[in-house]
Amino acid sequence: MKSFQRRRVLRTMALATTVLATGLMTGFAGTAAAQERKSVKIGYAISKTGGNAGGAGITTLPNYQLWVKDVNDAGGLELPDGKKLPIEVIEYDDRSSAEEVVRAVERLATQDKADFILVPWGTGFNLAVAPLFDRYGYPQLAVSAVTDKAPDFVKRWKKSFWMLGGGHDYARALAAILADAKKAGMVNGKVAMISIADGFGIDLVTAARPAFKEAGIEVIYDKTYPGGTSDFSPMINEAKASGADAFVAFSYPPETFALTQQAQVASFSPKVLYLGVGTGFPVYGKNNGENATGIMSLGGIDPNNKMNADYRKRHEAVTGVAPDYWGSVITYASLQMLQEAIKRKGLDKAAVSAELASGTFQTVLGETKFEDNQLRQLWWTGQWQNGQFVGVMPADRPGASKVVLPRGEWKKK
Amino acid sequence: MSRILSSALFIVIVAALACVPFVADSYGVTLGIGMLGYVTLATAWALFSGPTRYVSLATVAFFGIGAYTVAVFSETIPYPLLLVTAGAIGLAVALVVGLSTLRLAGVYFVIFTFGLAELVRQLVTWYEVNVTGTLGRYIFLPVTPEGIYWQLLGLAAITFLISWWIGRSRIGLALKVIGDDEIVAAHCGIDIARVKLALFAISSVIITLVGAIQAPRWTYVEPTIAFNPTISFLTLIMALLGGAHRLTGPLLGAVPLFLLFEWLSANFPNHYSIILGLIFIAIVFILPRGVLAFAEENWRRWRKTEIKNLPAVAE
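Here the protein sequences line up with chains S and R, keeping their order.
If you're matching positions, the first sequence starts at 1 in the UniProt record's numbering and goes up one per residue.
If you're matching positions, the second sequence starts at 1 in the UniProt record's numbering and goes up one per residue.
FYI, nobody ran anything at the bench for these hints, they're computed from the structure.
Values in this document were obtained by computation on a predicted structure and should not be read as measured data.
Even for Gly, the Cβ is constructed at its ideal location relative to N, Cα and C.
Some clues are possibly wrong.
[To be verified] Each computed EDC-like pair below joins lysine to aspartate or glutamate, with the alpha-carbon atoms no more than 20 Å apart:
| id | chain 1 | residue 1 | chain 2 | residue 2 |
| --- | --- | --- | --- | --- |
| 1 | S | K113 | R | E75 |
| 2 | S | K149 | R | E75 |
| 3 | S | K183 | S | D396 |
| 4 | S | K411 | S | D245 |
| 5 | S | K41 | S | D348 |
| 6 | S | K113 | S | D134 |
| 7 | S | K48 | R | E262 |
| 8 | S | K411 | S | D396 |
| 9 | S | K190 | S | E218 |
| 10 | S | K69 | S | E316 |
| 11 | S | K41 | S | D112 |
| 12 | S | K155 | R | E75 |
| 13 | S | K411 | S | E316 |
| 14 | S | K343 | S | D152 |
| 15 | S | K113 | R | D25 |
[Said to hold, decoys possible] Over 12 Å on every C-beta distance to chain R, these chain S residues come out as not near it, computed from the model:
| id | residue |
| --- | --- |
| 16 | E78 |
| 17 | A266 |
| 18 | T319 |
[Said to hold, decoys possible] Output of the computed footprint for chain S on chain R, the stretches with three or more beta carbons under 8 Å from beta carbons of chain S:
| id | stretch |
| --- | --- |
| 19 | 15-27 |
| 20 | 123-131 |
| 21 | 205-219 |
| 22 | 222-231 |
| 23 | 269-276 |
Chain R with its partners taken away, still in its complex shape (with noise of 0.2 Å):
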């Protein structure tokens, strides 16, 4: 009964979205694909590093790829198919750098994954001025930001299913254990390495897609615009801010957050990092499990239950 009722409501929403852009004016809509977007991002990295807590700062390196992607090949595929190749070539970096780093833990591997965006983004430089001469790339695709929005609110549903989905399966179970305690995971009989690989890979995947669907709103893109770290950054925080290892959390920190940036942009141009950085250092502070997490365990706590502490992503 509850299953049917919460299937419902995601097709009331994800309807109620795919209605916007009739009602809302292009202002509207833009805030709807920057949502959108940072939502998918949130989620599709909560997939991997909310139950691993393997905290990656490689987001923006297959963001980059997809809209490098699009930038590349723009004149020579047909719109369709340059997604695919896009999502293809994520997929391959992915099982690359997954194959040869997830054995790496910790901080070692937030090291390796905020390098790794760097290397990607001095590999295309390098390619761009050694072997085809020109550093911008320019899109031109008839692509409307209303296509924009609805490409992006496709990808978001698809991403919520797989990652409830995942929640429900054996994968999901394996996750979890590889998470608490990857020795006994091992023990268990799990293998680590093809269920982690499988996670970075499907959640790289979606992120390249993100970049891909993006690109286009830029006309011209080069790598410093491409690969802009402050991606990784915000798409961390917004996943951490809800609360990575839950199924809504992503979302329930992506739109508030970007509703903030908004806010704060439009109102307090020259206050907006400073603003920022207070809010990343309280985030960590105040809720270091999310606010799904902190809601609940208030919750709790008010009805007298006993308290559960789930170990936040960053310890």
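This is chain S alone, in the form it adopts within the complex (with noise of 0.2 Å):
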């Protein structure tokens, strides 16, 4: 007798659980309010903790965060009959999970009926999301993803849009300074490089390794290190060893910053000393001061650039923190891109993207336009000059500062 009505229990739970689950997926559909508009949803899901925080929080967040801002305090999104609508934020934190980005995007779309979503931070997180904006509708303006694979994304999702450049334009560049340091006898032709064993460091090395043969440069002394190395004073040692005059380490932001101690310790001070991720952080060129000068890595900005320049003012002075040289500016100009958009075509989705696509638009980068989805004004190279991480390459780009070679010895404190 009592077996039995251990099993009714049971058996009532197992089935309450599951009509309430079943109804709850089913109920959780929201009933949206068909009133006039007073507002426009602008969603994102983003990392707030976990292993991504970091960029995210650097690179993108903050980002968001004063365009909000900007655009609120000026009344709010303007649409093509000239009212203007404030920016309402839903913000969710992915965890850096793959899986929770994919739900929080499908929450966003389905659930807040975002009208328009930007973008998480990562290669990786932009790719897992693609399917679903691209399901939806939504324009989706990649940032920070490098990838050599925009062209075939682009062909396969029609509204994405990827504005990084990939691993291959990048090393491209440095083999381009480095040939052309060559034939001026500056330095000697061989490299030392060394890569993070890690998305972006595989990326960029595999890019390298052809670019430089071809360019004639020799790569004399190869190594990757998996990510968490602390301690790089072999591989410095040994490059040092090796007679190469240029060091390249394609590195993400906590090597970076050891490895320029590091290779001060070591007095080790190559004529080309190119950097990873991290190079382009306004702290590093606070810590290294007049060291830091000549240092090269990727990105960069135009010192002349006036409006750049009162953005990263504005930047600071709102989020408390400077912009960092490479992701931040293309971040904030994205969002302008949008609201331009917006602007002309109002809160149609379809319509947003096509302009995106086709349009011209104004930003803290100048003027700034989409070539087959993709965003090609970039600074492929960048160098510490005076204080700032100015852009080299392209060279012929307009607002190129000149590379300053070779780089001096370090300076000690």
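Need the complex rebuilt from these two chains, each delivered in its own frame; the hints are there to steer you.
Structure below.
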């Protein structure tokens, strides 16, 4: 008798849970109010916690906040009829999990019925959500995604825009600088190269090997290291002994900072020093002061672009931190493009996407336009000069600074 | 009579769940995928860890192997075979790992399984860096969310049947003896290593398949995405909440916890981790034997009958 009752309790509980679950799934569909619209819903899922929080917190999130404040302070997003509507933000934390970012974007699209969705941080996450953006018809302005496959993605997802180039672009620009320096007799054309065994490092190093070969640059030292490496002295000593006078590291921020310190300790001052992500962080320039001068990396800015200078000041004033010298300004520009496209076409997602693809926009980058849904007006290489990280490649782009080589010895503190 | 009733009920529930994609919107399907995924993971985890009380943190190792297999072979092998391949690789790894480690016990086993997930991740990374020279891989399979939902539902149903069958078979009885006292079990003539290995392998293959089925949703896979240790911890806590040595225990842990997490991340995105930690602590302190056992004990106490305390998994 007793066991029968227990079973019945169990079964009822199981049944109740199932019914509840089914009910919740169907019932979750909220009833969207069809009244007159008082705001524009902009949603995003971003890594506020977990492994990606560092990058997202520097390049992406502050710019979203700055943009929303800028727009709302100006009365809201302007629509074609001149009416202004304030932005209502819906923010989720994807906790650096791919499954979570997919679910959060699905929630934004179907539950919150966001008018537009901003992108998450990172190549992998932008790809994870790309099919969803496509299915629900949202334009996807993917900024922090470095990929050589952008032309393929554009064919697959017509409303996706790729704004940070691919590994080949950056590698080729560096190879061109080295080849020029070799031609001028400044360096011996030998390179020591290390890279992190992670998406970014591998992408760049596999692009760099053929690019260097093509440019007649000899790679005489080529090692990868696992993420989280903190002692680089063996690698630095081997690179020093290898006879190369150019040192290239496709590194992530912690290693970029460590490499800079440890190269100073080892008195290793190659004529060309190129480091990875993190070199373009304002704190890098602040920490290293004059010693940063001459160090090269990805990204950069045009120091004479007044709009960009204003943006940097405003960014620091509003968010409390200075923007980085690579993806930050592109992120802000992507939002300005979206804002302008909405002003021209309204809240129709398809029309806005078409306008983004074909229109020309005034942004903090200057006049900005997509080519085949990709932003190509980028600085492939930058260099620290006079306390600023300036763009040096492509050399023929207006506003480019001249590469200054060789970089001098470390100044001892 | 009751067996017919419960199997009829089981069939009705599975059939009802199979109809969900026709009535729910796509977010409902997404929720369903997440829920079914964790129900299957927790049930498969409890299949081995419940009766043996070997707390395994290797869930994500097998989950990731499944996802990665799909990523690597998605363009060369047709889809159904892809799942078979993933299952076979999961089985092979489970056998190798099982043979070498199931003699470990207690906390050593926990540490080992946690290390295993990290080891597999590093091996995949090493291979991709040094042999193929690419890290992320793309999965472009024409699998719809509804397709993933139905596959997961099928897998969940099979997992339940296996779990139910094992609970009633000789091997299930043997497992219970092992869980209570290995020495006694050995003296009874139970081949401890073989029983444990068989269970570990079944559980691992199911977990591998969950990873393989879910992978097409991500489009892009790299080791840090596929081998996210949170999956191991969530599975563990869900199974513990429900009660790891009951058939429906993991289900009753996974569904409410999943919905709770979803509600928390939608409404408290900034405090999620803090609340999650508090819930973990609460579960361990208040419900060490799971919701089911808790409900049952109190039910009996109320009926003034004797309470038999079952030892908790972690004890």
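How the hints compare with the structure:
1. S:K113 x R:E75: Between K113 of chain S and E75 of chain R the Cα gap is close to 35 Å, so the pair fails against 20 Å, i.e. violated.
2. S:K149 x R:E75: This hinted pair holds, its Cα atoms lying about 17 Å apart.
3. S:K183 x S:D396: 18 Å, holds
4. S:K411 x S:D245: 18 Å, holds
5. S:K41 x S:D348: Satisfied, since the Cα-Cα distance of roughly 13 Å is no more than 20 Å.
6. S:K113 x S:D134: 15 Å, holds
7. S:K48 x R:E262: 16 Å, holds
8. S:K411 x S:D396: Answer violated: K411 of chain S to D396 of chain S is near 32 Å, above 20 Å.
9. S:K190 x S:E218: 5 Å, holds
10. S:K69 x S:E316: With a Cα-Cα distance of about 13 Å, the restraint between K69 of chain S and E316 of chain S holds, given a limit of 20 Å.
11. S:K41 x S:D112: 8 Å, holds
12. S:K155 x R:E75: Answer holds: K155 of chain S to E75 of chain R is near 18 Å, not above 20 Å.
13. S:K411 x S:E316: Distance ~29 Å between K411 of chain S and E316 of chain S Cα, so the pair is violated.
14. S:K343 x S:D152: Distance of about 30 Å is beyond 20 Å: violated.
15. S:K113 x R:D25: 13 Å, holds
16. E78: 29 Å, holds
17. A266: Check passes; 25 Å lies beyond 12 Å.
18. T319: At about 17 Å from chain R, T319 of chain S clears the 12 Å cut-off, so the statement holds.
19. 15-27: Check passed, 8 qualifying residues.
20. 123-131: holds (count 5)
21. 205-219: The restraint on the stretch 205-219 of chain R holds, since 4 of its residues have a Cβ under 8 Å from chain S and three suffice.
22. 222-231: holds (count 5)
23. 269-276: Per the Cβ count (4), the hint holds.
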